[in-house]
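Enquirer: These protein sequence lines are chains E, Y and F, in that order.
In terms of UniProt numbering, the first sequence opens at residue 1 and continues consecutively.
In terms of UniProt numbering, the second sequence opens at residue 1 and continues consecutively.
In terms of UniProt numbering, the third sequence opens at residue 1 and continues consecutively.
Everything labelled a hint here was simulated from the structure, so no lab data went into it.
A virtual CB, placed ideally from N, CA and C, is assigned to each residue, including glycine.
A portion of the hints provided could be inaccurate.
[Said to hold, decoys possible] Label-pair distances were calculated between CB atoms; the ranges are:
| id | chain 1 | residue 1 | chain 2 | residue 2 | range |
| --- | --- | --- | --- | --- | --- |
| 1 | E | T288 | Y | N46 | 39 to 45 Å |
| 2 | Y | I188 | F | A292 | 52 to 58 Å |
| 3 | E | L107 | Y | I250 | 42 to 48 Å |
Chain residues, written in single-letter form:
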Amino acid sequence: MKKVLFATTALIATASVAAADVRISGYGRFGLDYNDGNSKSMTDANYNGVDKTSITSRLRVQFDMSAETDSGVAFDARLRAQVESRDNVPGTGIFNGARFGVVYEGLRVNVGNIIGAVENTPGVYLETRTAGIGIDGAGFVSHVGNVNDEYFNWDAYSSAGAGSNGVEALYSINGFTGHISYSLDNDILNFNTAGTLTSVTEGEDRFGIMLAYSWEGWTFAVSHQNSGNMWEDKTIVTGSYDAGNWGARIAYADNDGIDKWGIYGNVDIGAASNLVAFYTDEDAVSATDVAAGRSDNTDATGNGGEGSSYGIHYSYDLGGGASFETGYRRASNDNDTFQAGVYFSF
Amino acid sequence: MKKVLFATTALIATASVAAADVRISGYGRFGLDYNDGNSKSMTDANYNGVDKTSITSRLRVQFDMSAETDSGVAFDARLRAQVESRDNVPGTGIFNGARFGVVYEGLRVNVGNIIGAVENTPGVYLETRTAGIGIDGAGFVSHVGNVNDEYFNWDAYSSAGAGSNGVEALYSINGFTGHISYSLDNDILNFNTAGTLTSVTEGEDRFGIMLAYSWEGWTFAVSHQNSGNMWEDKTIVTGSYDAGNWGARIAYADNDGIDKWGIYGNVDIGAASNLVAFYTDEDAVSATDVAAGRSDNTDATGNGGEGSSYGIHYSYDLGGGASFETGYRRASNDNDTFQAGVYFSF
Amino acid sequence: MKKVLFATTALIATASVAAADVRISGYGRFGLDYNDGNSKSMTDANYNGVDKTSITSRLRVQFDMSAETDSGVAFDARLRAQVESRDNVPGTGIFNGARFGVVYEGLRVNVGNIIGAVENTPGVYLETRTAGIGIDGAGFVSHVGNVNDEYFNWDAYSSAGAGSNGVEALYSINGFTGHISYSLDNDILNFNTAGTLTSVTEGEDRFGIMLAYSWEGWTFAVSHQNSGNMWEDKTIVTGSYDAGNWGARIAYADNDGIDKWGIYGNVDIGAASNLVAFYTDEDAVSATDVAAGRSDNTDATGNGGEGSSYGIHYSYDLGGGASFETGYRRASNDNDTFQAGVYFSF
Chain E
1 MKKVLFATTA
11 LIATASVAAA
21 DVRISGYGRF
31 GLDYNDGNSK
41 SMTDANYNGV
51 DKTSITSRLR
61 VQFDMSAETD
71 SGVAFDARLR
81 AQVESRDNVP
91 GTGIFNGARF
101 GVVYEGLRVN
111 VGNIIGAVEN
121 TPGVYLETRT
131 AGIGIDGAGF
141 VSHVGNVNDE
151 YFNWDAYSSA
161 GAGSNGVEAL
171 YSINGFTGHI
181 SYSLDNDILN
191 FNTAGTLTSV
201 TEGEDRFGIM
211 LAYSWEGWTF
221 AVSHQNSGNM
231 WEDKTIVTGS
241 YDAGNWGARI
251 AYADNDGIDK
261 WGIYGNVDIG
271 AASNLVAFYT
281 DEDAVSATDV
291 AAGRSDNTDA
301 TGNGGEGSSY
311 GIHYSYDLGG
321 GASFETGYRR
331 ASNDNDTFQA
341 GVYFSF
Chain Y
1 MKKVLFATTA
11 LIATASVAAA
21 DVRISGYGRF
31 GLDYNDGNSK
41 SMTDANYNGV
51 DKTSITSRLR
61 VQFDMSAETD
71 SGVAFDARLR
81 AQVESRDNVP
91 GTGIFNGARF
101 GVVYEGLRVN
111 VGNIIGAVEN
121 TPGVYLETRT
131 AGIGIDGAGF
141 VSHVGNVNDE
151 YFNWDAYSSA
161 GAGSNGVEAL
171 YSINGFTGHI
181 SYSLDNDILN
191 FNTAGTLTSV
201 TEGEDRFGIM
211 LAYSWEGWTF
221 AVSHQNSGNM
231 WEDKTIVTGS
241 YDAGNWGARI
251 AYADNDGIDK
261 WGIYGNVDIG
271 AASNLVAFYT
281 DEDAVSATDV
291 AAGRSDNTDA
301 TGNGGEGSSY
311 GIHYSYDLGG
321 GASFETGYRR
331 ASNDNDTFQA
341 GVYFSF
Chain F
1 MKKVLFATTA
11 LIATASVAAA
21 DVRISGYGRF
31 GLDYNDGNSK
41 SMTDANYNGV
51 DKTSITSRLR
61 VQFDMSAETD
71 SGVAFDARLR
81 AQVESRDNVP
91 GTGIFNGARF
101 GVVYEGLRVN
111 VGNIIGAVEN
121 TPGVYLETRT
131 AGIGIDGAGF
141 VSHVGNVNDE
151 YFNWDAYSSA
161 GAGSNGVEAL
171 YSINGFTGHI
181 SYSLDNDILN
191 FNTAGTLTSV
201 TEGEDRFGIM
211 LAYSWEGWTF
221 AVSHQNSGNM
231 WEDKTIVTGS
241 YDAGNWGARI
251 AYADNDGIDK
261 WGIYGNVDIG
271 AASNLVAFYT
281 DEDAVSATDV
291 AAGRSDNTDA
301 TGNGGEGSSY
311 GIHYSYDLGG
321 GASFETGYRR
331 ASNDNDTFQA
341 GVYFSF
């Protein structure tokens, strides 16, 4: 005996019983990932026991819970269960941390696994289903906030972890969006085997702010993170134009002294195809920063590093929420990946 | 494409297809927790790296499965997925252990993550949404079974763990409820590095019984746990009166020699507000018990200890299953907490 | 406020909204397991701290996601959440790895936590709800592929782990089914404390093929696994006849040199009862293999070993998807188990 969850885009239940509900949605994606950073040949310098071509896959099941008070204030919560396979290491499903929200008209306040103001900046992710290149995003090297082994060092919603445990407020009106976010870490206390406190790693805070404005296809956004942690202060500026069947975008970030800028374009081809391409350039770490202990990622084993990244992505819409996705990108550390596979929503 | 789970209080499906079903329900709660046991100031004696005021939150998603045989005997199972943040330590979602049940008329037999007879005693938890004070219950110091670092040392349903793996029977008829429960732990075998069995921690059993009777607003209950583990034998007696818009309650427990009693009251204020208050008093550990190795919790770092606890809780119903909840309590170890936040069901 | 998932065996939603959906189904089973391999008496030779009679239970909740493209190609994904208690060790719920599929007419291609060609051979599992004896399958000693401490050493769908992360294709037409599967493990790199690579455990591949044909109650099947790992090459041949209210079956496997064969029978008794019985015989490990390092399981502490296994299982249908199940079996290592309990689907 099977259960059927009704598939619909509208809330069918009438108002009197719709005060509270649970919705399940998500997507599956799977395909092949060619990554020249992997090698199963022991004679290769980058031998790591993983075949250059492996399965990449993700299943995401999202639970959205909500309730609405008599005064029209809505409460909601989001939880994700996710299963991933990368580099031929299959995982089992895990839940992430929960995000709770209070919504009233254009205002939303979130608590817990927050989105983060910098993460929410329009114009930083690619116009693809993965928000990056290929099937799994291929490391999101196109993001101007990702530099020099300091990838994703801002408060951002985590789909597979607990997230930032912060607080944030978002307000939208007439094309304008404002977003502030805040999180504070606990100190980490280190004890020796005798139980004496030997040192403390102070838990720092992160404050983020984002402002965006959209008007007749144009969108401009600026965001900033002020962090007590080293090398995490950053400012991002983006501008984009969406003509409907094509779009263009520029983005720039000052990542605590490391500049990175990018240009991006996307175009529909016929009824079902879409092409996205990008080029970014990232500055070297300054000698002053290196002297102060900042990594300069000279051995190219890390995520990023000085120089340019570029990539191209092709998508074909199969209908019914499914599509074929493929893409190639070269990262600034000369890592090449090429991926192809399918993506379907439910 | 989103899924809609129909929100309703009635089983819509007709009898012919309702033989088996799955229901999803739960709640979200989040707010701020002031706890004077925490400190992020290294000069404080109780420095632990956690800010005195932090986010407390929980998302609970409950799956209830059921099937009914031709003879009217019903089988069911309950599973919970839960995400918690306490003291600014955000967690990811985890499942608990499953409870299986067989139900026929007034009789229910459960297997697995059982409720437990003592846990199920009416009149031991507060008349609040958390069953304690504030947003997360604040340690449930009002429970007369919780004394002297021996909190929750009885078989009880676990929402975030595997539970007791026991068996229990509940029978209800005409206001009377009887409940017996039993669990048995495996021995823990300790081996040295050479693989030789060096010692055994014997796995003990717990037997619980509870009897309750309700009549015209009055409820009386008595429960007892007999445990093979030290300091776990306990007897609880409660009496309460519910007048509809106010209620009063008394409770007493003998916790293997440590007496604890409490008085409790609750009252509706206007259409949406409710106030709950309690006072409890707990005896010291006897000199005989201390000599026999029982903790007397003199340094007040534990959960309870000799003396009085008291607290007050205020709730405001926002409609649609949501409410504002706030409460203050002082524990017998002089720990103060004050919490405020919201709670919504789905 | 509760959610109701409609219970039905048909997809109610109309075609226009049925492009994508989520279905939740599963089962609960619980009962008592008598296992003479356990002992809570320290004077017993096989003392392990576990009572001979303990609770065995499982709750399985299965999520099936699907979407269909405009061309009629369907994509799907399967995820399971499972909670188990065996030998009185209660577990909490865990997700398994995901399996993704592409389906078009008789062809299915799966990626991830694949079924596996050998696992999918008709005529290898018992005709019971557990596919083995009793409530939890009792080790599946009746399977001809399970010999000599080498149980389940083929690619198979895992309900509680990540599975094989492979690729497979299944094709069915007019009673014929063909199935090929492939998986490749990563190498395991071992480093010393100084970070130098000291040794490598090479990750091997497994290739499986299965062919089956069904015709007027008769089913014949043959399958083979070719593995880079030691002692994993195997060939299975089965033949069965299903007369409706009774059936008979034979199975044989060459498990890399260890022959095992089995005979099986099942018969309905009246309207609700069913009886299943089996007998298997397994060869000893050859002296050549033992000399080459293969375990010969002479101390009978492992799963299998030379000799015969047999068992009998009785089932009574309670209606509504529920049944009473009980069974006894003796394994070739002389281990006896007897289990009884209930099983219900949702």
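Enquirer: Against the structure, test the hints numbered earlier, and report the numbers of the ones violated in rising order.
Expert: 2
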